[in-house]
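Visitor: With the hints as a guide, bring both chains together as one complex.
Here is how the chains run, residue by residue.
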Amino acid sequence: MTHQPFVILTVLAYLASLGLYLNFLYTGKELTGRLATTLMFLGLVVHYVALLLRAKGTHTVPYHDLQGSMSLFGWLLAVTYLCLEIYHRQRTVGPFVLPIILAFLGAAFLIPPAHSAAVQNLPHGVVFALHVTLSILAYAAFALSCVLSLIYLGEERLLKIRRLGDVVWRLPPLELLERMSHTSVLVGLATIAVGTALGFVAVDRLPQQQTYFDPKYLVTLVVMALYVVYFQLARTASWRGARASKLCVFNFALVILSFTVVNLYFSQHHRYF
Amino acid sequence: MEIVLVGLNFRTAPVEVRERVSFSHEQALRAAEELRSQGILEETLVLSTCNRSEVYGVNPGMNRESANALSAYLSSFHKVRPDQLNPSLYHHYDHDVVRHLFRVSAGLDSMLLGEAEILGQVRDAYLRAHEGHATGPVLNRLFQAALEIGKRVRAETELGTRPMGVASAGMKLAERIFGKLSDRSALVLGAGTISEQVVSQLRDRSIKNLYLSNRSREKAEEFAKQYDGRVMEWGDWDNSLKQPDVIVSAVGVQEPLLTKPLIERAMSARGNRALFLMDLGLPRNVDPTVANLYNVYVYTMDDLTEIVEQNRAARKSEVPKAEALIEEHVGKFISWQASVELIGVLDILRGSMRERRSAFLKEKLEGINHFTPQDREHIGTLMDELIEKLLIVPAERLRSEKELRKKIQNVEAIRALYLSDREKP
Chain A
780 MTHQPFVILT
790 VLAYLASLGL
800 YLNFLYTGKE
810 LTGRLATTLM
820 FLGLVVHYVA
830 LLLRAKGTHT
840 VPYHDLQGSM
850 SLFGWLLAVT
860 YLCLEIYHRQ
870 RTVGPFVLPI
880 ILAFLGAAFL
890 IPPAHSAAVQ
900 NLPHGVVFAL
910 HVTLSILAYA
920 AFALSCVLSL
930 IYLGEERLLK
940 IRRLGDVVWR
950 LPPLELLERM
960 SHTSVLVGLA
970 TIAVGTALGF
980 VAVDRLPQQQ
990 TYFDPKYLVT
1000 LVVMALYVVY
1010 FQLARTASWR
1020 GARASKLCVF
1030 NFALVILSFT
1040 VVNLYFSQHH
1050 RYF
Chain B
506 MEIVLVGLNF
516 RTAPVEVRER
526 VSFSHEQALR
536 AAEELRSQGI
546 LEETLVLSTC
556 NRSEVYGVNP
566 GMNRESANAL
576 SAYLSSFHKV
586 RPDQLNPSLY
596 HHYDHDVVRH
606 LFRVSAGLDS
616 MLLGEAEILG
626 QVRDAYLRAH
636 EGHATGPVLN
646 RLFQAALEIG
656 KRVRAETELG
666 TRPMGVASAG
676 MKLAERIFGK
686 LSDRSALVLG
696 AGTISEQVVS
706 QLRDRSIKNL
716 YLSNRSREKA
726 EEFAKQYDGR
736 VMEWGDWDNS
746 LKQPDVIVSA
756 VGVQEPLLTK
766 PLIERAMSAR
776 GNRALFLMDL
786 GLPRNVDPTV
796 ANLYNVYVYT
806 MDDLTEIVEQ
816 NRAARKSEVP
826 KAEALIEEHV
836 GKFISWQASV
846 ELIGVLDILR
856 GSMRERRSAF
866 LKEKLEGINH
876 FTPQDREHIG
886 TLMDELIEKL
896 LIVPAERLRS
906 EKELRKKIQN
916 VEAIRALYLS
926 DREKP
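Chains as they are written, first to last, in the working numbering: chain A, 780 to 1052; chain B, 506 to 930.
Excised from the complex, chain B in its bound form (with noise of 0.2 Å):
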């Protein structure tokens, strides 16, 4: 056994507790410095977001008690009781590290099914491990492989191409519409949840011109403060509307508050220009019949829902093409893992025939008088040779033929049958 994870998620604890045991950037490197000087691992690397907390770690001696003093270890550095902390906590070993890693990395194991962010948030935890001498060979070719296949997931699967949040697939369809979204304007009708996600998405898109609109222009103000943007005066419609590309409205109105008569007038006074309105509001905020208008395209939040639904389901479709990508890669890791460890044991097994050869000439020839002190050194120069060609031989081929390397998948069983307990690592 030799990687372990010890972590939680969104699925094994509440947010209060991932709170607590979040990392940052400096907390991570100091605890990954910690295990190490502990000895409680060689290799460390914390990978920390909002939604996880994770300790991947190498040790060629580690065991399930080890995994459990890394779980104090935990409790003990974010000061919470072991108690509270070990029922969210789980541990993997070995491939299911590598497998729980791969699917991290591609978005399979994200309350955003396919999301994006993780990949970049794995990128940054290694590289931030690795410039802090934290990894070691194991971690640094394990994370490598991960990026690869979280790369690979995203460019061979539809998994993370479909939008899954109602303001996110409104910007793809005002993508579908105008294109690159950063030479255009748009304005925000509300200052609540869901306009503060839409802004968000649009500031993402880095659109050129922000406009934010409120019944409360103090509230607006704010808003316009904390995202960049310019406060338009709520009622003057007719100015406010004749210049963005989208309008996003999320605003609580009892009767329609874009009537047909004022995007018409609007529609005139931008040349008829394309519009998207995105209504997000309960009840609609934009009269149903401007859907008639020329060039202009009406989306409410019902449409989105639709949209995201399909996209979810689509998403859900393209999991067991990215298992298999997953899959396939955990077959060369541990391919690869086994063919290190398997030269490794062979070293082990040169030295200690070469002590046992020692020991058996010395009593094989003991009984036998004519041979010289010269060919009594013959002989074990011969079997020296001997032992070299046995083990040599495999341990070359071993680093050469990439598809003996794909054969081997349990080094366990090689030391077990050949070293003693003393001798293993």
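The shape of chain A in the complex, shown without the other chains (with noise of 0.2 Å):
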């Protein structure tokens, strides 16, 4: 059975999630947002299943080649997304959330093969294909702060110069997306931190020992330094708030930078995640 059906699935779930995440927004009615939130979890089933069918189709993991690389990253991104709707019971960053996902989904599908050419000798086994889920995973968790910290600083300037409209109402308040923000960071550092080492173990243990410089790894541990950083300054008396909020949206800036131009132009092991 061929995957693109459960793509078109997944985006009609994604697209009619993001109308009903809209409409929430605006109108804040309850079974709105609960049906919204049930749609994309439809959605992230449907696109589980598209993920898995692929995988079978091309006998290869889904970080293999950049198509399947960014439909994960969008998976991962909605389920990241959806724990952090459920732990904080907040639904409105979810018409913010959304269009990233669909925006990667859409990419993925509409990337032509030949730039989308598979990583040939990729390590395998289980230490493996945890190094690239737990490291995709915390781009997501990074991808989910940047969205709070600008929804932060969207808020922030409207409720500073008074101008609060319709929706304002509806966000989070400022002091919950700051602690959202720092969850998803958090969760980001934590997996990037394991990934990483899982990483290190997975090259250990090829049977040809090679030592060799990737430029992808000096990326990594500037993005962690600077989120560890972002960590701390974001509880000092001079950085919190919106200034935190900006630090959190450049950290991710060269999040997409290490996940796009190092990764393509600069790394030799590293092409897709």
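Certain hints may be false.
Heads up, simulated DSSO-like pairs for lysine-lysine below, C-alpha to C-alpha not over 30 Å straight-line [unchecked claim]:
#	chain 1	residue 1	chain 2	residue 2
1	B	Lys677	A	Lys1025
2	B	Lys724	A	Lys808
3	B	Lys713	B	Lys765
4	B	Lys730	A	Lys808
5	B	Lys826	B	Lys837
6	A	Lys808	B	Lys826
7	A	Lys939	B	Lys724
8	B	Lys730	B	Lys713
9	B	Lys713	B	Lys724
10	A	Lys1025	B	Lys685
11	B	Lys765	A	Lys939
Some residues of chain B that are not near chain A, with every Cβ distance over 12 Å (derived) [unchecked claim]:
#	residue
12	His600
13	Leu767
14	Ser773
15	Thr805
Hints listed in this document are in silico derivations from the structure and should not be mistaken for laboratory results.
Values in this document were obtained by computation on a predicted structure and should not be read as measured data.
In this text, a Cβ means the ideal position worked out from N, Cα and C, and glycines have one as well.
Guide: And the structure:
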């Protein structure tokens, strides 16, 4: 069975969910919000089936090429968001996260196969699979913290200039946005740390021992360091609030850089993750 | 005519009259008991809030004269002369009572459009009357439907979501910044009416620490005692301002009381944690440049008034949606009421037809001599069966078919068509 119909179903479910989330943001109707969450969950399940069928079809893991890697990122972002929504009981972030998920999914779907060449000679095994999955999960968590920080900055600005409109009343309080962002960064930091460690273990297990330098190592260390700095600064007097949120957005710009430019043009072993 | 309402509210009566005609819980129960024992009403419920006093009742024989008896009872119960009371009273009957009550519980008939408190007051009044056995099947159904529509309007429209007072708008804004205020601190400067409104809102939100400060320490202490707050020394700003997350200032000053250097020092002492300042004084109590400080949010009386005005307009735009929901529920209630009444009418009709059947047979079979008594009895039984089929089948359909109940709106016509005055309930 081909995965394409499931990709289309996933996009449709996410689109319907986005429509409902937007409606919930403007009307505040609880039932609409619940339906949006339910549809997102359904989209998540169908997305998983699509990933599974694609992996079976290509006899490889999703992160073997750019298409699969981006789709996996979208799925993990959706998982991370849903966990955060359930944990904080806050639905109004959904309309801001879903466009990113859809953008990644759409981009993965539209990339010509020639630009999504599979990486040759990828290591195998559970440790390596965990290394990649956890790394992409970290990127998803950082993406979520970036979205939350952007919402924080927008809401904070509107509150400062006293232009509230209809939507501000329904957005999460600033304090909650900060906490949600911290939670996301914490998840991202923990997963990237464990993922990176597992990456070294996977390399160590390779049959032919080789020592090499991959620029990805350095960029990942910088990303981790910057998020640790964010985590610390966000609690200090002079940085808490909008400044910390701006730093969080900046950090994610670096993550994007790592995920795109560094992976595609500098790294030999981390093309798509 | 079955359901009646006699009452007054803030639109029809000045506060002096409303005060005199209000019911305590005990009085409401006593009035309900007396109205039933005097045969004025079979079911009764008294709804009394600061803005309205209304007596809802059910009596199958209710007419405008008996509604007047209810007005007279109200007059004598509260010892208010009829000529003083009657101009303020309104009378509603049947469908209008249903519509009125649904609008009340939805907050459409409130002084503050869409206010939430009224729904709780309707629920409490109903529960007390129900426990006191003052209500019966009609009022039980009516008030349960009213509570349902009240909840539905609040869930499906934005009528109750936006703050309508300056104090509550300020609190909602504070919640936009801090989330729940139950683990926050607030300082209120001044002890006037506006400060009192704010303190009441803060207490409603279970503010953790409430600090109060006023030029007159005595007044501040009195205020603090009333609202379980702590008094802060007036003028000791460096100490007073470092703790609270919300500061409300409503004092009369010529120069701004909270200046930029003062707030800068406070922010430094509180580690730049967000600070929400509500400036409700005129002239302004907070230096406008304070708004430029990092993590400080300043809202003046004008800002809050503008928000309230926007919310008022937004709430008004939700009224048609709420009215549509109400009409839907009025229709449902009327159908239910009509079906119950129709089943009653069918029962009476069956009894009446059986009675007529005996006279009819006696008259028609009198000249026919070849019928044995058994034949006559058999004809009687067949006619009984016909009556049963004609009347029981519709009654059963009415009980089981929801759509059919919706179609029935006017039982009076059937009653008038088939029953003589003597047979009408």
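Visitor: Next step is simple, just say for each hint if it's right about the structure.
Guide: Cross-check of the supplied hints:
{"no.": "1", "hint": "B:Lys677 - A:Lys1025", "in the structure": "holds (26 Å)"}
{"no.": "2", "hint": "B:Lys724 - A:Lys808", "in the structure": "violated (45 Å)"}
{"no.": "3", "hint": "B:Lys713 - B:Lys765", "in the structure": "holds (27 Å)"}
{"no.": "4", "hint": "B:Lys730 - A:Lys808", "in the structure": "violated (41 Å)"}
{"no.": "5", "hint": "B:Lys826 - B:Lys837", "in the structure": "holds (17 Å)"}
{"no.": "6", "hint": "A:Lys808 - B:Lys826", "in the structure": "holds (13 Å)"}
{"no.": "7", "hint": "A:Lys939 - B:Lys724", "in the structure": "violated (34 Å)"}
{"no.": "8", "hint": "B:Lys730 - B:Lys713", "in the structure": "holds (16 Å)"}
{"no.": "9", "hint": "B:Lys713 - B:Lys724", "in the structure": "holds (22 Å)"}
{"no.": "10", "hint": "A:Lys1025 - B:Lys685", "in the structure": "holds (25 Å)"}
{"no.": "11", "hint": "B:Lys765 - A:Lys939", "in the structure": "holds (16 Å)"}
{"no.": "12", "hint": "His600", "in the structure": "holds (29 Å)"}
{"no.": "13", "hint": "Leu767", "in the structure": "holds (17 Å)"}
{"no.": "14", "hint": "Ser773", "in the structure": "violated (7 Å)"}
{"no.": "15", "hint": "Thr805", "in the structure": "violated (9 Å)"}
In summary, the structure is inconsistent with hints 2, 4, 7, 14, 15 from the numbered list given earlier, while agreeing with the others.
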